[in-house]
Amino acid sequence: MESTDTYETDHLKATELRLGLPGTVEPQKQSPATASIKSNKRALPECAKDCSSNNNSCASDVKDGDCACAPPTKAQIEGWPPVRSYRKNCFQPKKNEPDVTGMYVKVSMDGAPYLRKIDLKVYKSYPELLKALENRFRFTIGEYSEKECYNGSEYVPTYEDKDSDWMLVGDVPWDMFTSSCKRLRIMKGSEARGLGCV
Amino acid sequence: MSEDEEKPSVDLADRNVRIGGAPGSGGEFQSPFPDQVLENVLENVLIFLTSRQDRNSVSLVCKSWYRAESMTRRELFIGNCYAVSPRRAIERFRRIRSLVLKGKPRFADFNLMPPDWGAHFAPWVTATAAAYPWLEKIYLKRMSITDIDLALLAQSFPNFKELVLVCCDGFGTSGLAVLASKCRHLRVLDLIEDEVADDEVDWISCFPENETRLESLIFDCVDCAINFELLEKLVARSPFLKKLRLNRLVSIGQLYHLMIRAPQLTHLGTGSFSHTDIVAQTDQEPDIASAFSACKSLVCLSGFREIIADYIPAIYPVCANLTSLNFSYANITAEQLKSVICHCHKLQTFWVLDSVHDEGLEAVAATCKDLRELRVFPVDAREDSEGPVSEVGLLAISEGCRKLQSILYFCQRMTNNAVIAMSRNCPDLVVFRLCIMGRHRPDHVTGEPMDEGFGAIVKNCKKLTRLAISGLLSDRAFWYIGHFGKLIRTLSVAFAGNSDMGLKYVLEGCPKLQKLEIRDSPFGDSALRSGLHHYYNMRFLWMSSCRLSRQGCQEIAWRLPRLVVEIMRGHTRDREEDEMDDSVEILYMYRSLDGPRDDAPTFVSIL
Chain E
1 MESTDTYETD
11 HLKATELRLG
21 LPGTVEPQKQ
31 SPATASIKSN
41 KRALPECAKD
51 CSSNNNSCAS
61 DVKDGDCACA
71 PPTKAQIEGW
81 PPVRSYRKNC
91 FQPKKNEPDV
101 TGMYVKVSMD
111 GAPYLRKIDL
121 KVYKSYPELL
131 KALENRFRFT
141 IGEYSEKECY
151 NGSEYVPTYE
161 DKDSDWMLVG
171 DVPWDMFTSS
181 CKRLRIMKGS
191 EARGLGCV
Chain W
1 MSEDEEKPSV
11 DLADRNVRIG
21 GAPGSGGEFQ
31 SPFPDQVLEN
41 VLENVLIFLT
51 SRQDRNSVSL
61 VCKSWYRAES
71 MTRRELFIGN
81 CYAVSPRRAI
91 ERFRRIRSLV
101 LKGKPRFADF
111 NLMPPDWGAH
121 FAPWVTATAA
131 AYPWLEKIYL
141 KRMSITDIDL
151 ALLAQSFPNF
161 KELVLVCCDG
171 FGTSGLAVLA
181 SKCRHLRVLD
191 LIEDEVADDE
201 VDWISCFPEN
211 ETRLESLIFD
221 CVDCAINFEL
231 LEKLVARSPF
241 LKKLRLNRLV
251 SIGQLYHLMI
261 RAPQLTHLGT
271 GSFSHTDIVA
281 QTDQEPDIAS
291 AFSACKSLVC
301 LSGFREIIAD
311 YIPAIYPVCA
321 NLTSLNFSYA
331 NITAEQLKSV
341 ICHCHKLQTF
351 WVLDSVHDEG
361 LEAVAATCKD
371 LRELRVFPVD
381 AREDSEGPVS
391 EVGLLAISEG
401 CRKLQSILYF
411 CQRMTNNAVI
421 AMSRNCPDLV
431 VFRLCIMGRH
441 RPDHVTGEPM
451 DEGFGAIVKN
461 CKKLTRLAIS
471 GLLSDRAFWY
481 IGHFGKLIRT
491 LSVAFAGNSD
501 MGLKYVLEGC
511 PKLQKLEIRD
521 SPFGDSALRS
531 GLHHYYNMRF
541 LWMSSCRLSR
551 QGCQEIAWRL
561 PRLVVEIMRG
571 HTRDREEDEM
581 DDSVEILYMY
591 RSLDGPRDDA
601 PTFVSIL
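Protein chains in written order, with full-length UniProt numbering: chain E, 1 to 198; chain W, 1 to 607.
Certain hints may be false.
[What the hints assert, rightly or not] Derived DSBU-like pairs: lysine-lysine, alpha-carbon spacing no greater than 35 Å straight-line:
id	chain 1	residue 1	chain 2	residue 2
1	E	Lys117	W	Lys462
2	E	Lys121	W	Lys338
3	E	Lys188	E	Lys162
4	E	Lys117	W	Lys338
5	W	Lys346	W	Lys161
6	W	Lys233	E	Lys106
7	E	Lys117	W	Lys243
8	W	Lys512	W	Lys63
9	W	Lys296	W	Lys137
10	W	Lys338	W	Lys462
11	E	Lys106	W	Lys346
12	W	Lys182	W	Lys63
13	E	Lys124	W	Lys338
14	W	Lys346	E	Lys182
[Unchecked claim] Derived, one-sided and incomplete: chain E residues facing chain W with beta-carbon distance under 7 Å:
id	residue
15	Gly79
16	Val83
17	Arg84
18	Lys88
Quick caveat, the hints were computed from the structure, so don't treat them as lab data. From a predicted model like this one, the values you see are computed outputs, not experimental measurements. Glycine included, each C-beta is placed from N, C-alpha and C at the ideal position.
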């Protein structure tokens, strides 16, 4: 069963680069044909949310970035290969990107007693990351723009890159950011002046 | 659990056996008859006989021996919960302390059986609650269990000690909470590959406050948050705890705290082996390696659900003593595996993901000379995935691990030569399960069917009792199995064979066959008929998406009245359509002493 993906906005979808044939869409996360999941069961663990438990698609395992949807293959058969759902749902195919060092980075926020650790691999874009940070640390960042950076925000997200320089989050493309970010620091806006923003 | 051969303990050709009560139950007061003396003597001797096959034989000698045996049997093993009713079982065996019950057939694990099919524990717990108040152990596999069942269990058996649930479902943490709080003598609570609902009940907190008798606590499949502080206190007051398997929500920092409280552990499931997202400002990394060093008795290691490779070296101190290592949830590379496996000289059981590639398996073969069981699972379990392991890995293992007894190997490409080599290098093989994930795939070098490879396995591995076949297979493969597979008890077939002859060869040739599961193979009514002489000796036959007709199955049901013949539609098909369709999508049949069950759902037809 396939249906339009609901969490991508239309305009993003139209410009998205995919390997799928024109007209194919990303599959629904949980197929209604999977009758084996009972209603009183707990929600599947986080890692399994994008995995279809009944082999219904080739692209359901991919979480970040591009839909690595290979050209349509034969329809997946129910219950084949004979691997239990729990096991199947625990993995996503590993991407061979030797440059991506470690997913977990420490996040500190000025004034907070505890650091946090987040997994950058979980997020696909800056808006997602910033929203997650806002939720975790209970503050607002506001909009990013190239010219005015995080104008009007009380806090500014920065990161330390591979060369140990402190950079403003959002300047470089997302993939470059995730491969070079070593740690994050949410700075007070007043301290952020030196980074080239007002 | 090894699948021992099971013989029917009562001849189904309707013996006139009277089930007597305790000796001397006639009510008359006389000097003991010689028969009664014999029975008393027997009972004192039979206490020591534990194997159920031996006990079954004993019970067939004569009525007196039958009675004595039924009074002294302590463990009741029921391989198919529908083969006998609870009432019949408790009428015959009066003093059971331990119950083993198996329910659904294995293909139910892969969603081939519609949900709510059956295998309910409820009638069993109700019956045994009344009949066996001194029951101590229960082992259930592929049964449907509710929280109410668990509550009844907890309150009915005051001496209850061990509960092992494997591949079960239907219950949640509220059931576990009742168990924990009421079973004061609980020694073993093993939850293995179950589906447990998260009722958001903190079941760990329900264990009694004082010192526990816990020896084994396995809950790696329970995907629910637990109160870690309470778990730590539980471990601290469980001095007999030897086996502890944590779920993936336990972080490595928490693991450290548990390990230092329980250095006596022999079996450890490490949980996530990764961080949570909170790290205190002081940022001390737990010295997990020292915790492992302190566990001098550790022989079995598993878990690693979200492993961070940096922490792998922490387990080096225990590798030399490990006999069992389960990396099957650890997505690690060949290099990362090598750093560990080179220390594991004593390893006998090894489960791993194919992320380690053939290269990783070569490293295993180089070090683990004592290996008995290997399982290689796929990271990407799809038909058209890349397939990082192949015949190269299999060949290496066969050359390095000559004592191999059991193998489960998922791959995308294989050759007959490698399988033939394994059949020669590993003559001790008892279990050979090869899953070539692409359907109908031939030998990828020669283009030929995989017949010769599997043929060599059944021919050369003279102890083989369990076989699972895959790849492109013609009837010839089945001819080999029927001709050579004289000890085979369990056979698993998928997408194989050309014609009815394939199934006929097996049904006519394999006298020990107990469990036969077939899917998507071109076997029809004629083939089904060829097993009539044998079905009463089998635990079950499963055939799905084959070429059976309702008429053909009906004929079997008529000819064999003690066989329960269930036919059903899979859940992917619309139930309403095809009412006139004579084809059978799923056939599941099994012998039973008590006729068709009364709890069959509407989608099951019993012929």
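How the hints compare with the structure:
no.: 1; hint: E:Lys117 x W:Lys462; verdict: 55 Å, violated
no.: 2; hint: E:Lys121 x W:Lys338; verdict: 26 Å, holds
no.: 3; hint: E:Lys188 x E:Lys162; verdict: 23 Å, holds
no.: 4; hint: E:Lys117 x W:Lys338; verdict: 29 Å, holds
no.: 5; hint: W:Lys346 x W:Lys161; verdict: 32 Å, holds
no.: 6; hint: W:Lys233 x E:Lys106; verdict: 30 Å, holds
no.: 7; hint: E:Lys117 x W:Lys243; verdict: 31 Å, holds
no.: 8; hint: W:Lys512 x W:Lys63; verdict: 28 Å, holds
no.: 9; hint: W:Lys296 x W:Lys137; verdict: 30 Å, holds
no.: 10; hint: W:Lys338 x W:Lys462; verdict: 33 Å, holds
no.: 11; hint: E:Lys106 x W:Lys346; verdict: 39 Å, violated
no.: 12; hint: W:Lys182 x W:Lys63; verdict: 41 Å, violated
no.: 13; hint: E:Lys124 x W:Lys338; verdict: 33 Å, holds
no.: 14; hint: W:Lys346 x E:Lys182; verdict: 40 Å, violated
no.: 15; hint: Gly79; verdict: 3 Å, holds
no.: 16; hint: Val83; verdict: 4 Å, holds
no.: 17; hint: Arg84; verdict: 5 Å, holds
no.: 18; hint: Lys88; verdict: 5 Å, holds
Against the hints set out earlier in the document, violations occur for numbers 1, 11, 12, 14.
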